[in-house]
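**Student:** Sequence:
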Amino acid sequence: MAWVLLMIAGLLEVAWAAGMKSSDGFTRLGPSVFTVVTALGSFVLLAIAMRELPLGTAYAVWTGIGAVGAFVFGIVMMGEAVTAARVASAALIVAGLVGLKLSSAH
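All residue numbers for the sequence shown refer to the working numbering, where the first residue is 54 and numbers rise by one.
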């Protein structure tokens with residue numbers, strides 16, 4: 054269950070990152086509230102997952118999901134550039150996340 058919560062926390066990290074971008078520096082109320090709520094949810098779920106998972110693994114996976122998810126969201130929803138170097142870099146992050154999951158005791 055800790056891994057499921059960690060995955061949801063990572064997806065909420067993507068949501069708050071996208072909300073932060075849409076908040077225009079916290080000058081737009083709706084996206085600003087969305088950002089704060091999803092960030093809080095992400096932190097809470099991460100904390101709960103850390104009850105069972107090692108700190109380093111949980112934090113690295115959480116930030117990795119957020120980083121790769123925000124990368125994909127930026128490309129798909131915001132028209133950001135797709136380059137070989139960016140895709141290769143994101144693939145390396147995913148490889149690291151898989152390695153952490155496979156090597157975890159939980």
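No wet-lab data here; the hints were simulated from the structure. The model shown is predicted, which means the values in this text are computed figures rather than measured ones. The beta-carbon is built from N, C-alpha and C at its ideal position, and this holds for glycine as well. Please note: incorrect hints may appear among the correct ones.
Computed spacing ranges between beta-carbons, pair by pair [unchecked claim]:
#1 VAL86 - MET131: 39 to 47 Å
#2 ALA148 - ALA55: 35 to 43 Å
#3 SER156 - LYS74: 17 to 25 Å
#4 LEU93 - VAL129: 23 to 31 Å
#5 LEU108 - LEU155: 17 to 25 Å
#6 PHE126 - VAL57: 15 to 23 Å
#7 LYS154 - LEU82: 18 to 26 Å
**Student:** All the hints need checking, so say for each whether the structure fits it.
**Tutor:** Structure-based check of all given hints:
{"no.": "1", "hint": "VAL86 - MET131: 39 to 47 Å", "result": "violated (20 Å)"}
{"no.": "2", "hint": "ALA148 - ALA55: 35 to 43 Å", "result": "violated (22 Å)"}
{"no.": "3", "hint": "SER156 - LYS74: 17 to 25 Å", "result": "violated (33 Å)"}
{"no.": "4", "hint": "LEU93 - VAL129: 23 to 31 Å", "result": "holds (25 Å)"}
{"no.": "5", "hint": "LEU108 - LEU155: 17 to 25 Å", "result": "holds (18 Å)"}
{"no.": "6", "hint": "PHE126 - VAL57: 15 to 23 Å", "result": "holds (21 Å)"}
{"no.": "7", "hint": "LYS154 - LEU82: 18 to 26 Å", "result": "violated (38 Å)"}
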